[in-house]
Structures are given as structure tokens and as C-alpha cells.
Amino acid sequence: MTRDVEKRLKEVEKLNHAAGGDAKPNALWSYEGAVPFADSAVQRYRLGNGLRVLVLVDKSAPVFSYMTWFNVGSRHEKPGKTGLAHLFEHLMFNETEAFKAGEFDRKLEENGAESNAATWVDWTYYYENLPSDRLALAVKLESERMARLVLREPQVASEKEVVANERRYRVEDDVEGAANELLYKTAFTKHPYQWPTIGWMSDILGFTPEDCAAFYRTFYAPNNATVVIVGDVRESDVLAKVSAGYGALEASTLPVEDTHPEPPQGAERRESIKKPTTTEKIMLGYRGPALGDADHATLSVLNEVLFGGRASRMHRALVIDEEIASDLRGWVSTFRDPGLYEMYVSARAGHGTDDIERVLAAQLAKVKESPVTDEELARAKARLELGVLQGLDTANGKAEQIGFYEMVLGDPAAAFRRLDAYRRAGPGDLMRVARRYLVDTERTVVRILPEAS
Amino acid sequence: MSAAKIALSGGGVLYVEESHAVPLVSIAVSFRIGATSDPQGKDGLARITTRMIRRGCPGLTSQQVDAEIDRLGAEMSVDVSASHLTIHTQVIKRSLGAWVDLLVRLFGGPTFAEDELARLRRETAAEIIEARDSDRALAHLAFRRAIFAGHPYARSAVGTARSVESITVADVRGAFERTCTRGNLVLGFAGDVTAEEATRLGERFTAALREGPAHKDDVPEPAPLAGRKLVFVDKPERTQTQVLIGALGTWPHDPDHVPFSVACSVLGGTFTSRLMREVRSKRGWSYGAYARLAIERHRQSFSMWTFPAATDTAACLELELGMLRDFVEKGVTPRETTFMKKFLGRSHAFDIDTATKRLHQSLDVDLLGLPADYYDGYVGHVEAVTPDAANASIGARLSPDNLRIVVVGTKEDLFDKVKEKIPDLAQADVVPFDAE
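Going down the list, the protein sequences come from chains A and B.
Counting with the working numbering, you get residues 146 to 598 for the letters of the first sequence.
Counting with the working numbering, you get residues 8 to 443 for the letters of the second sequence.
Read the hints as simulated data drawn from the structure, not as lab findings.
Built from N, CA and C at the ideal position, the CB exists for glycine as well.
Please note: incorrect hints may appear among the correct ones.
No more than 25 Å apart at the CA atoms, straight line, and that leaves these computed lysine-lysine pairs for PhoX-like [stated by the list, open to error]:
(1) B:K418 - A:K252
(2) B:K289 - A:K252
(3) A:K285 - B:K223
(4) A:K285 - B:K236
Taking beta-carbon pairs under 7 Å as the criterion, some of the chain B residues facing chain A (in silico) [said to hold, decoys possible]:
(5) A28
(6) D73
(7) K236
(8) T246
(9) A316
(10) Y381
(11) Y385
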């Protein structure tokens with residue numbers, strides 16, 4: 146046992162002892178070890194009620210980031226109730242038993258906080274970035290809304306309207322947003338990734354306070370949450386305050402997830418939509434690996450070769466050589482279950498998606514037929530490394546990396562393991578994943594056409 | 008604390024902000040000339056010129072430069088504002104020396120090949136068309152033109168299809184020679200670099216530039232607005248609109264600049280601000296509702312921005328106009344002022360929590376001609392604001408009768424309804440979203 150581990154076990158023992166013999170088991174700590182993270186380490190703790198706490202002390206600025214990740218996203222919803230996880234992202238800033246409507250945000254703001262939240266297919270998280278002397282406030286606010294949210298008709302009705310407007314902003318009146326929604330709806334027939342995280346409009350407008358209360362009771366509980374704290378804090382202070390704030394909360398009985406895996410596609414699927422846009426666009430989704438699949442990092446390297454920056458193959462072919470595209474990108478979905486390898490290209494005026502598809506097909510055939518060059522591979526790896534480092538610039542950035550990888554992979558330092566995997570990828574690996582995943586019968590194509598056409 | 012400031016040979020200046028937390032170095036290469044210096048009819052020249060710098064130099068083609076940037080683990084982007092331009096770069100520490108060598112080659116003798124310029128012109132024309140898909144971009148472009156009609160700030164840094172098409176290699180070379188001089192240079196290093204190392208690299212970079220004086224700012228003050236004018240950007244099938252309401256705003260040397268900033272934050276600077284509370288929290292009309300003050304070397308704009316559902320647009324506009332009148336006539340309360348001072352003072356920690364943010368504050372002070380203690384003394388300046396000072400600044404800077412209002416929506420559905428909600432409207436223009 147290392148000295149650091151011994152020190153932390155003693156600290157936990159001391160805290161549990163100080164809590165007294167009458168302390169509820171929910172409030173007692175266990176230390177679950179350290180995970181190396183860059184030149185430091187993430188410390189893992191767990192409260193008796195199941196709340197996981199990950200701490201990374203970082204004194205580079207007198208601030209800290211406090212993130213609460215819940216293991217609930219749109220994948221946990223049911224047809225007819227889509228968008229509920231995202232609606233909660235809004236409702237959680239409303240009234241609680243201790244704080245009247247609006248008071249939660251006022252408390253944060255008057256203490257100088259940056260705060261926000263995000264919901265996606267696999268998870269939801271909330272964060273506050275605060276000056277380093279405000280840890281108690283973060284614990285008080287987050288433990289309060291984890292267990293004592295008030296869900297009344299006026300708040301639910303108002304937030305439904307806000308979310309409906311967010312949907313108009315991000316989907317209805319956004320060409321790429323609408324196409325992306327159609328892509329997933331078409332590509333997935335069984336798995337919950339088929340519906341959008343923001344939810345279908347009819348579902349959003351139909352939510353009742355009772356729907357919200359049931360969802361809250363089920364998923365917002367300490368044993369379904371991970372608190373990530375990064376910044377200028379003392380671990381002993383974190384443990385004492387978190388135990389005091391959350392120790393009285395009860396664990397919930399979490400439902401067994403009832404998700405159907407997506408069956409093999411077997412044939413290409415095609416859809417098109419008309420939008421008030423001036424140029425044609427195309428979105429393709431090939432069946433991709435889950436984030437935890439060993440192929441994910443390799444396919445991400447291939448994506449950099451194809452779509453990463455001006456020197457990438459697709460940029461060179463579509464924008465520089467043929468001059469038929471104005472915007473393009475590729476992305477391997479970072480989901481817990483297998484998702485899509487998405488590609489998006491916007492054609493220039495006077496060119497159609499047929500031209501784009503021809504070039505895409507030729508470039509994709511090339512990476513299946515012959516290895517990428519060592520120079521291309523080195524460039525792709527350097528770009529990916531730059532991206533990883535950029536994510537570590539702030540306490541908030543580190544907390545997001547830690548929380549995301551903990552939620553999806555159960556490993557808070559997976560960003561560095563992925564970096565190692567990028568470095569290991571060779572030309573043959575890229576050719577193999579290209580052949581495995583760039584299969585036309587396992588893809589979905591969405592074309593966006595200008596309304597006048 | 009300001010970044011270290013170091014004089015460079017030939018009149019340039021270097022700022023260094025050191026932090027060894029992450030093995031990355033940011034380098035900002037700025038010059039004291041921006042979009043307002045583009046010759047008439049050549050809007051977009053500064054941006055095109057800056058983008059051309061990476062498109063070839065002796066011994067390297069455009070594509071080889073792109074590949075070299077990636078190989079080094081670097082990235083490079085261009086930002087052209089009204090008064091200055093900046094090439095933002097970031098590189099993995101191990102490649103810092105090689106990265107500066109590449110910058111020296113690019114700035115020391117860009118090729119400016121005719122075929123590369125022709126390609127970039129076509130790319131830019133395509134981007135201008137692509138930008139029509141963004142209602143938000145359409146709204147902000149129309150707003151700037153409405154607020155600064157006839158003034159250089161109305162001009163677009165991107166340019167128009169026609170102005171970009173007219174740009175020649177001679178234009179680009181001339182702009183480069185005027186712009187990228189030692190006297191115009193404001194260079195910044197932030198991150199995993201020492202002041203000594205940055206100075207050595209900065210001098211190496213400076214040596215690649217030609218001699219030349221600093222550009223003299225000759226932009227006139229924008230004229231005050233008179234009356235209420237509406238610009239309606241007509242785009243089909245909008246289920247949601249973009250609404251901007253505004254006027255001239257503030258100049259950082261105004262004696263009431265900080266009080267006015269505090270007051271505007273009360274109106275729409277935070278999630279619990281008046282606009283957010285009334286438009287979003289109470290009515291659910293818009294996902295966001297903001298008031299903002301932009302700053303530049305000269306007076307910039309005050310704006311209120313919402314994006315309500317088309318069915319709520321007229322009512323939302325009416326509410327906002329009423330709130331603005333109330334803001335001007337009644338001002339902010341002592342409680343609101345105290346609250347906002349707490350927020351601005353305490354959240355300042357997040358304006359300076361990375362080396363790159365601190366560097367950019369120093370660059371802003373220099374490039375925008377801000378008061379020397381604009382950021383360093385920020386917390387103290389905010390703390391000194393009184394409710395009376397905040398209210399005096401609102402009365403001095405804003406008039407609810409002299410406004411520019413921009414709506415991006417579908418004319419057939421909304422134009423008349425919007426006009427009805429704007430009393431004393433002096434002028435209403437409709438602009439097709441794809442007019443240029």
C-alpha cells in the first residue's frame with residue numbers, strides 16, 4: 146500500500162469516526178483508489194448512499210469546477226415521452242424546497258458562478274465553476290436539487306415553452322439540426338438513439354408534472370450520480386462538506402435498463418428533406434463502434450485523415466481540387482452503445498449531392514484499398530493530441546473530461562488511454578476499420594435540398 | 008495582473024503570459040489594421056489577405072503548409088475585426104521552435120499566387136452563400152448595417168460576393184505590405200513558454216517583417232441615431248425569428264462606461280437578468296434573452312437579442328420595447344446594482360483563469376486602446392459603481408425613441424404585425440435574406 150493510499154484511508158476513517166456511532170451508513174465514506182491523470186491523480190470516493198465523488202486537486206487558478214453527472218439521458222426515455230431527460234436539464238434550475246423559483250440562479254450569480262448543464266443520449270450533467278472559497282455553496286445547492294426539487298404546473302408549463310423554442314432554434318429552423326435528427330431517426334429502428342435528445346415536439350408539449358415527478362424519483366438519486374470536483378480545493382474539505390450535504394439522502398431503486406441493441410442494417414437507407422437553404426447538403430451515417438470498443442480510437446484516427454483540417458483527404462478533394470463543397474466534417478459518435486460514423490458535406494452553389502457522393506465514395510474506397518501514408522498518420526495523431534491537451538486548459542475542461550469518460554466508460558482518465566491508442570494505430574489498423582465500418586449496406590444517407598429545387 | 012510587456016525591434020510589442028500547467032503555447036499575431044481600412048469596394052480585403060498568408064511561401068505550396076501545420080500539432084485561425092486583425096495559433100510545446108520557424112517563413116515572404124487567390128475568392132463566395140443558412144448571422148449583419156449606416160463599422164469584414172470577386176493579387180500584396188509591418192505588430196505568447204524564450208522567438212519573427220510605422224486610426228465617431236427604424240430580413244418558413252433592438256452604446260473611455268456596463272448587465276447580462284426573467288422564465292417565449300454592449304476603438308453598439316417563436320414575435324417585441332423604456336425612465340434599483348456588482352466582481356476569476364485569457368486582455372488593452380487599467384482595475388471599477396451613476400449613464404446613453412430594430416422572419420406572416428407593435432416607427436425596410 147502506498148503512502149498516499151494509506152493517508153487517504155486514514156482520513157476516511159477519521160471522518161467516519163468523527164461522524165459518530167449514530168451516523169447513518171449513507172453518510173460514511175469509502176476510498177476507492179486513485180487513477181493517474183496527466184501528472185496528477187483523480188481520487189475516487191463513495192458515500193454509503195452510493196454517491197460517487199471524483200476529486201482532482203489543481204491549484205493552477207483560485208477556482209474550482211463542480212460537476213454532477215447523472216446516469217440518465219435520452220436512451221432511458223420511452224416512446225411518447227421523449228425529451229424528458231433534457232426537460233429536466235431546465236427544470237433543475239427551478240424551485241426547490243429551500244429555494245424559491247429563481248433563487249437558485251441568483252445564489253450562483255451573486256457568488257460569481259458560471260453554471261450550465263447538458264443532456265445527451267447517455268447522460269446529463271450540471272456544473273458550477275466558482276471561486277475557490279465557495280465549495281460549501283456548491284454542495285448546498287447541488288445536494289438540495291438532487292432530492293428536493295419542486296415540480297409544479299407553472300414551472301413545467303413555462304419550461305416546456307422554453308424547450309419548444311430551443312427545439313425551433315436547434316432543429317426546425319436549423320438545416321443541419323433537422324438533417325441530423327432525420328439521420329438518427331432513419332438509422333435506428335430499435336435502439337433509443339433513434340429519437341432526438343431534445344425530444345419530439347408533440348412529446349415536449351405533452352409532459353405533465355406527474356411525468357416529471359416520476360422521472361425525478363427514479364433517476365435523480367445519489368446512487369445514480371457522480372460528483373466531479375476539479376480545482377483549488379482540499380480533499381479533506383471536500384469529503385467533510387459532501388458528507389454533510391448528501392449524507393442524509395437515500396439511494397433509489399434504479400430500474401434495470403431495457404434497451405434493445407440495434408440489429409444489423411442489411412441495406413442502405415435513404416431520405417431527403419427540402420429546406421429553405423441555398424445549397425444542397427448531404428449527411429451520411431455509417432454504423433460505428435461504441436466508445437468503449439477498441440476500434441473507436443482507430444476509427445477516430447481514420448476520421449482525422451479523412452476530415453481533419455485543410456490537409457485532410459476530403460477537404461483536399463472536395464474543397465480544393467474539385468471545388469464542389471464549402472463545408473464538411475466527420476465525427477465518430479462517442480456513445481456508450483454503437484452509434485454512427487457521421488459525415489456532413491455542404492455543396493457549393495451549382496453542385497449537387499450526386500457530385501459530393503461520387504467524391505466521397507472514391508475517397509472512402511481508397512482508404513479501404515490501400516494504406517494511408519506515414520505522414521498522414523503522424524498528422525492525424527498530432528491533431529488528436531492537440532485536441533486532448535486543449536481540453537485540459539481549465540478546471541471545467543478537466544472536470545468535463547473526467548466526468549464524461551467516467552459516465553460512458555467507467556474510467557475518468559480514459560482520455561489519456563485513448564491518446565495511447567491513437568499513438569498505437571498503424572496504417573493496417575486504419576485499413577481494417579475502414580473495411581469493417583465503411584460498408585454501404587450499413588449506412589444511412591440524408592440529402593437536404595433547397596426548396597426551390 | 009497584466010502580461011509581461013516587451014518592446015520588439017522596429018516598434019512592435021510583445022506580451023507574454025507564462026503558465027506551465029499544460030504543454031501548449033498560444034501565439035497571437037496581431038496587426039493594428041482591421042476591416043475599416045479596406046479600400047472602398049474591396050470589403051473583405053484584410054481577411055482575404057490574412058487568409059492568403061498560409062497559402063504558400065518560397066519552398067512550400069499551400070498544401071504543404073497545411074500539412075506542416077498539422078504535423079507540428081498546431082492550429083491557426085484568422086479573426087479580422089474593425090480595428091485590427093489577429094492570427095490565433097496554438098501549438099504543442101515540443102513543436103514551438105519549428106512552429107515559429109514556419110510563421111517566419113509564411114510572414115517573411117508569402118507567395119500570393121494568382122491561382123491560390125482565385126481559389127480563395129471562390130471559397131469565400133461559397134461561404135457567403137452558406138452563411139445565409141444562419142438566421143443569427145443574418146440578423147447581426149443587418150443590425151450592424153442599421154446601427155452604423157454610412158460609418159466604416161457598417162462594413163463587413165467578410166465582404167460581399169461582388170467586393171471579394173474584385174480583389175486582385177496587387178490588392179493583396181499592397182494590403183500585406185501596409186499591414187504586416189514591425190510597427191504594426193502586437194505579438195502575444197501564452198502558456199508553456201518563458202518570457203526569455205518568447206522574446207527570442209518574438210525577435211526572430213519580427214526580423215521576418217518589413218519596416219513600417221504603426222497605422223494611424225482615422226475612423227470617425229459614429230453619428231447618433233434619430234427615430235425608430237425597422238429592418239425586416241425576409242426569409243421563408245421561419246417558425247422562429249431573430250429580434251435585435253439597439254442603438255449606439257459605449258466607448259471604454261467614457262467616464263460612465265463601467266456604470267453603463269453594470270446597468271446593461273442588470274437588463275440582460277445574466278440568467279436572472281430582467282430580460283431573461285420576463286421573456287424566458289415567466290413567458291417561455293425565447294430560449295435566450297440578452298442585452299449586450301460591444302466595445303471597439305470607437306463607440307460601438309448596445310443591443311437586446313431574443314429569438315422567439317414566430318407566433319410570439321410581435322408580443323415579445325412589444326414587451327422588450329416596454330422594458331427598454333422602463334429601463335431608461337426608471338433605471339436600476341440599488342438592490343439590482345449591488346447584486347450585479349457582486350456577480351461581476353466575483354466572476355472575474357473566470358476572466359483570468361487561463362494564461363490565454365490573461366494574454367488576450369493585454370492584447371485588447373493595446374489593440375483597442377483601452378484605459379491601461381481596464382482589466383487590472385476592473386473589480387475596483389465595478390465596486391465603485393453607485394445606483395445613481397448607473398442610472399445617469401442609462402439616461403445619457405439610451406433613448407427609447409431612437410432605435411434600430413432588426414427582425415429575421417417571414418414577411419408574409421409577420422411584417423405587418425411587427426410594425427404594429429412599434430409606435431412612432433419612422434421607417435420600415437424589407438430586405439430579402441439572399442439579397443447579396
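Hints versus structure:
1. B:K418 - A:K252: 42 Å, violated
2. B:K289 - A:K252: 19 Å, holds
3. A:K285 - B:K223: 54 Å, violated
4. A:K285 - B:K236: The given pair, whose Cα atoms are some 49 Å apart, is violated under the 25 Å limit.
5. A28: 4 Å, holds
6. D73: 4 Å, holds
7. K236: Since chain A brings no Cβ nearer than about 25 Å to B:K236, farther than 7 Å, the hint is violated.
8. T246: 5 Å, holds
9. A316: Holds. Min distance 6 Å.
10. Y381: 19 Å, violated
11. Y385: With a closest approach of 13 Å, the B:Y385 hint is violated.
Figure legend: structure checked against the earlier numbered hints; hints not met, in rising order: 1, 3, 4, 7, 10, 11.
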